[in-house]
Amino acid sequence: MLLAAVEPAWYLILASMLFAIGAVGLLIRRNPLVMFMCVELMLNAVTLTFVTFSRMLDDIGGQAAVLFVLVVAAAEVVVGLGIIVAILRRRPAATADDLSLLKG
Amino acid sequence: METFIFLVAGAICLVGALGVVLSKNPVHSALSLVATLFGIAVLFVAQEANFLAAVQVIVYAGAIVVLFLFVIMLLGVDQSEDLDVEPIVGQRSAAFFVGIAIFFLPVIALASTAWEATGMEGNLGRLSDGGPDIEALGEVVFTRYLLAFEVTSILLVIAVVGAVLLAKKSRVSEELEIEGLYEPAVAEPSEPESDDAEADA
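So the protein sequences, as listed, match chains H and S.
Position in the first sequence (first residue = 1) + 45 = the numbering used here.
Position in the second sequence (first residue = 1) + 51 = the numbering used here.
The hints are simulated quantities; they were obtained by calculation from the structure and are not laboratory data.
Model, not experiment: these values are computed from the prediction.
Watch out, some of these pointers could steer you wrong.
Below 20 Å or equal to it, Euclidean Cα-Cα: the simulated SDA-like pairs (lysine to any residue) are [stated by the list, open to error]:
1) Lys219/S / Gly127/S
2) Lys219/S / Ala131/H
3) Lys219/S / Ile209/S
4) Lys219/S / Arg135/H
5) Lys219/S / Arg75/H
6) Lys75/S / Asp143/H
7) Lys219/S / Ala120/H
8) Lys219/S / Val130/H
9) Lys219/S / Glu121/H
10) Lys75/S / Thr140/H
11) Lys219/S / Gly127/H
12) Lys148/H / Pro138/S
13) Lys219/S / Met80/H
14) Lys219/S / Arg134/H
15) Lys75/S / Val116/S
16) Lys75/S / Met80/H
17) Lys75/S / Leu133/H
18) Lys219/S / Leu125/S
19) Lys75/S / Arg75/H
20) Lys148/H / Ile128/H
21) Lys75/S / Val117/S
22) Lys148/H / Arg75/H
23) Lys75/S / Val136/S
24) Lys219/S / Pro137/H
25) Lys219/S / Val136/S
26) Lys219/S / Gly70/S
27) Lys219/S / Asp142/H
28) Lys75/S / Gln142/S
29) Lys75/S / Ala141/H
30) Lys148/H / Arg136/H
31) Lys219/S / Lys148/H
32) Lys75/S / Asp142/H
The following block holds chain S by itself, in its conformation from the complex:
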């Protein structure tokens, strides 16, 4: 049964991944990404990581991909990219060889250990105890990794502040625009605005 699930979900993952890379339209790429993320969530369930599968669907498919689609729609950059033109000669074939290497190096390393994970077994919490995975996960996150957990909350606050700061039209870029660094100068810099910017700086 697990083999069947693995084969189906793995095929969905690979098709979605190829769709992300090969689609001309960014919207199609985003939708292919959803397929891959769902496939990976199914593989999580197959490996009894039920909580992570739920989080994967909620955070990735529910939030991140929607954010991508919002940006695509907001900016109207849904025009197709011409994939036939190769910007740098030989880039595609070089990238292909890099991809082959990236695929085979871990596989060779894995084969050298007879397809088993080497290293010590951890002592954080057994999965084979039979308890629900979310229980073990919660215990580890709120004891051993409590500091890391708190740091992630700071990280999220920083990300929100950064997003708001980036989204609003900054005075610095307005100044540069007026000085003609981004676009041909269209207006004389007016005194009150520059005073304002200096006061803010």
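Next comes chain H alone, as it looks inside the complex:
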């Protein structure tokens, strides 16, 4: 029966789906902002697994890890968006394919 008691494993499967969608988005999109949002999606999928494991193992450690992931994600977004602003200010509408200055 579908409406049986929800198993913690369901959360893990959902998180796996979210992570896969984020990874595919990161691979197929070329707008740097959208690629960045896909990274956030993957981070959130992983925090969901942390909370689920925290519940499965009856331990608060997973939730503490999520707290640190949140802080790192915030710092990452600030620096990443700063870089994207610096790039897009110089060349508007640049896609990830256009940023090939480091190519040998």
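Once you've looked at the hints, dock chain S against the given chain H.
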């Protein structure tokens, strides 16, 4: 009850995630991201991680997505991306197979352990004691993970300094612009400016 909440919130999460990937307009992607983040916050509440759910809404939906929207509006890059053109032949299908693999590998690993978490039960703090989760979390963060907590404060300072540094127009890029590495040379390099840059360097 939890099943119902899980199904609704999970559906919101998945629809939002697909919206992030498939929207042509970055603004729509950002708004779909908000839906996913709220769905995940609801799933946190369903698993009795109340504090993290609040933090998730405040930090992600309240700060990070707003930052994304600010950048989109500031740069005016809200024009649609043409999703019909595939830049590299076969990239989409390859990415699709990678996505399928990324989805199924953890699920297979989970199925091999009979859908249970393996490994030792931790000794940091029990969730089943019945106390509020924020109490247990605070105790762990300020005792066992105190060093990590302090390091995150340094990380935030570094991020703020880095953001300010990146946001201001740098002298190095001005120099490169003048030398014509970014754009066709438009002006002769003037002496005082280069002296200035050397003094700064």
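Here is what the structure says about each hint:
no.	hint	in the structure
1	Lys219/S / Gly127/S	holds, 18 Å
2	Lys219/S / Ala131/H	holds, 9 Å
3	Lys219/S / Ile209/S	holds, 16 Å
4	Lys219/S / Arg135/H	holds, 13 Å
5	Lys219/S / Arg75/H	violated, 25 Å
6	Lys75/S / Asp143/H	holds, 19 Å
7	Lys219/S / Ala120/H	holds, 18 Å
8	Lys219/S / Val130/H	holds, 10 Å
9	Lys219/S / Glu121/H	holds, 18 Å
10	Lys75/S / Thr140/H	holds, 14 Å
11	Lys219/S / Gly127/H	holds, 10 Å
12	Lys148/H / Pro138/S	holds, 18 Å
13	Lys219/S / Met80/H	violated, 24 Å
14	Lys219/S / Arg134/H	holds, 11 Å
15	Lys75/S / Val116/S	holds, 17 Å
16	Lys75/S / Met80/H	holds, 13 Å
17	Lys75/S / Leu133/H	holds, 18 Å
18	Lys219/S / Leu125/S	holds, 15 Å
19	Lys75/S / Arg75/H	holds, 11 Å
20	Lys148/H / Ile128/H	holds, 18 Å
21	Lys75/S / Val117/S	holds, 19 Å
22	Lys148/H / Arg75/H	holds, 17 Å
23	Lys75/S / Val136/S	holds, 12 Å
24	Lys219/S / Pro137/H	holds, 17 Å
25	Lys219/S / Val136/S	violated, 35 Å
26	Lys219/S / Gly70/S	violated, 33 Å
27	Lys219/S / Asp142/H	violated, 25 Å
28	Lys75/S / Gln142/S	holds, 18 Å
29	Lys75/S / Ala141/H	holds, 16 Å
30	Lys148/H / Arg136/H	holds, 17 Å
31	Lys219/S / Lys148/H	violated, 26 Å
32	Lys75/S / Asp142/H	holds, 17 Å
Going through the hint list in order, the structure does not satisfy hints 5, 13, 25, 26, 27, 31.
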